[in-house]
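Residues per chain, in single letters:
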Amino acid sequence: MVKVEIINGPIDFFPLNDNRDQDGAEIVFNGRVRAAEYDKIITALEYEQYEDMAESELKKVAKKTVKKFAIHDLFCKHRIGKVKVGQSSLHVVIRSKHRKEGFIAMNYFISTLKDQVPIWKWAILEDGTKIPSDCTSS
Amino acid sequence: MIKIKIKCFSQVKYALGKKELVLELESGTTTQEVEKLIRKKANRNLDIVSLSVAVNKKYISKSLVLNDGDEVAFIPPVQGG
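First to last, the sequence lines map onto chains A and B.
Numbering of the first sequence is given in our numbering, commencing with residue 603 and proceeding in unit increments.
Numbering of the second sequence is given in our numbering, commencing with residue 800 and proceeding in unit increments.
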């Protein structure tokens with residue numbers, strides 16, 4: 603099953619599921635905002651999306667990942683708007699029979715998301731200035 | 800003539816100082832021609848930025864002839880996560 607959501611506000615994490623008796627692995631990834639973007643100290647990132655297209659591309663990437671790897675569930679929440687340093691901007695849960703395919707699928711999903719989903723970061727500097735983030739790395 | 804909407808994000812928004820533009824163009828204008836126009840408007844600030852193109856919120860891989868009412872976005876490298 604695939605669930606994706608783009609939200610403007612704190613992430614309400616997906617609950618862990620103890621009833622999935624066919625899945626031996628439940629992998630959770632939380633992407634958090636670092637205090638620096640390359641050499642700049644920041645107080646927050648502001649995530650901008652191309653409305654509708656971002657969620658649609660995110661869903662495509664999630665469906666492609668579930669099809670490509672032996673995993674059962676991929677749930678993802680991505681924040682937009684202002685996210686303070688230390689807060690989570692991305693939350694992903696993958697459930698699979700074994701851990702190996704789950705970890706590979708997680709890596710593939712996040713890498714592909716970073717390559718295709720039209721979401722961008724603006725760095726909020728200590729003086730309040732807002733500039734497009736330089737960070738396009740994996 | 801056709802009228803199209805350009806949506807601007809990240810470096811494109813920063814370079815043009817606008818989140819949206821409406822352009823009136825000759826019929827038969829292509830996305831490639833509009834990209835050249837946008838890069839020119841940005842006064843060289845987009846010269847080293849690679850741009851993907853979306854028409855009506857779908858990525859396209861080759862230049863297309865635009866239609867009246869189309870929404871076009873020149874998408875700088877994305878940064879989700």
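Just so you know, the hints here were simulated from the structure itself, not pulled from any lab data.
Please read all numbers here as calculations on a predicted model, not as lab measurements.
The reader is advised that the hints may include incorrect statements.
Keeping only pairs whose Cα atoms sit at most 35 Å apart, straight-line, the calculated DSBU-like set for lysine-lysine is [unchecked claim]:
no., chain 1, residue 1, chain 2, residue 2
1, A, K669, B, K839
2, B, K835, A, K666
3, B, K818, A, K605
4, B, K804, A, K665
5, A, K665, B, K839
6, B, K806, A, K661
7, B, K857, A, K666
8, B, K806, A, K665
9, A, K642, B, K856
10, A, K665, B, K840
11, B, K806, A, K699
12, B, K818, A, K732
13, B, K835, A, K669
14, B, K812, B, K857
15, B, K857, A, K686
16, B, K861, A, K670
17, A, K662, B, K806
18, B, K839, B, K856
19, A, K669, B, K840
20, B, K818, A, K666
21, B, K840, A, K686
To list a few chain B residues with every Cβ distance to chain A over 12 Å, as calculated [as the list claims (entries may be wrong)]:
no., residue
22, L824
23, G868
24, E870
What the simulated footprint calls covered on chain B by chain A, stretch by stretch (three residues with Cβ under 8 Å from a Cβ of chain A suffice, anywhere in the stretch; the number is not a length) [stated by the list, open to error]:
no., region
25, 834-841
26, 871-880
Backbone N, C-alpha and C fix where the C-beta goes; we use that ideal spot for every residue, glycine too.
Each hint, compared with the structure:
Taking the CA atoms of A:K669 and B:K839, the gap is near 42 Å; set against the 35 Å cutoff, the hint is violated. Using a Cα cut-off of 35 Å, the hinted pair B:K835 and A:K666 holds, with the two alpha carbons roughly 33 Å apart. About 30 Å separates the Cα atoms of B:K818 and A:K605, which keeps this hinted pair within 35 Å; it holds. Of the pairs offered as hints, the one joining B:K804 and A:K665 holds, with about 30 Å between alpha carbons and a cut-off of 35 Å not exceeded.
Between the alpha carbons of A:K665 and B:K839 the distance comes to roughly 38 Å, so the proposed pair goes past 35 Å and is violated. Distance check on the hinted pair: B:K806 and A:K661 sit about 22 Å apart at the alpha-carbon level, within 35 Å; holds. The suggested pairing of B:K857 with A:K666 holds, with an alpha-carbon distance near 17 Å, which does not exceed 35 Å. At roughly 27 Å between alpha-carbon atoms, B:K806 and A:K665 fall within 35 Å of each other, so this suggested pair holds.
For the suggested pair A:K642 and B:K856, the alpha carbons sit about 32 Å apart, so the restraint of at most 35 Å is met. Using a Cα cut-off of 35 Å, the hinted pair A:K665 and B:K840 is violated, with the two alpha carbons roughly 38 Å apart. Pair hint B:K806 plus A:K699 does not hold up; C-alpha atoms about 43 Å apart against a cutoff of 35 Å. Proximity of B:K818 to A:K732 is assessed by CA-CA distance (about 15 Å); at most 35 Å being required, the pair is judged to hold.
Restraint check for B:K835 and A:K669: the C-alpha separation of about 38 Å exceeds 35 Å, so the hint is violated. Straight-line distance between C-alpha atoms of B:K812 and B:K857 comes to about 19 Å, which keeps the hinted pair within the 35 Å bound. Taken as a hint, the B:K857 and A:K686 pair is honoured in the structure, with Cα atoms around 31 Å apart against an allowance of 35 Å. At most 35 Å may separate the alpha-carbon atoms for a hinted pair to count; B:K861 and A:K670 meet this at roughly 26 Å.
Taken as a hint, the A:K662 and B:K806 pair is honoured in the structure, with Cα atoms around 22 Å apart against an allowance of 35 Å. For the given pair, B:K839 sits about 23 Å from B:K856 by alpha-carbon distance, which is consistent with the 35 Å threshold. Of the pairs offered as hints, the one joining A:K669 and B:K840 is violated, with about 42 Å between alpha carbons and a cut-off of 35 Å exceeded. For the given pair, B:K818 sits about 31 Å from A:K666 by alpha-carbon distance, which is consistent with the 35 Å threshold.
For a cut-off of 35 Å, the pair hint linking B:K840 to A:K686 stands: about 33 Å separates their Cα positions. At roughly 22 Å from the closest C-beta of chain A, the C-beta of B:L824 stays outside 12 Å, upholding its exclusion from the interface. With a minimum CB-CB distance of about 16 Å to chain A, B:G868 clears the 12 Å threshold, and the non-interface call stands. Once the 12 Å rule is applied to beta carbons, B:E870 is inconsistent with being away from chain A; the minimum gap is 10 Å.
Check on the region 834-841 of chain B: 0 of its residues sit with their Cβ under 8 Å from a Cβ of chain A, so the three-residue criterion for coverage is violated. Counting residues of the region 871-880 of chain B whose CB lies closer than 8 Å to any CB of chain A gives 8, which reaches the minimum of 3, so the coverage claim holds.
Of the numbered hints stated above, those contradicted by the structure are hints 1, 5, 10, 11, 13, 19, 24 and 25, listed in ascending order.
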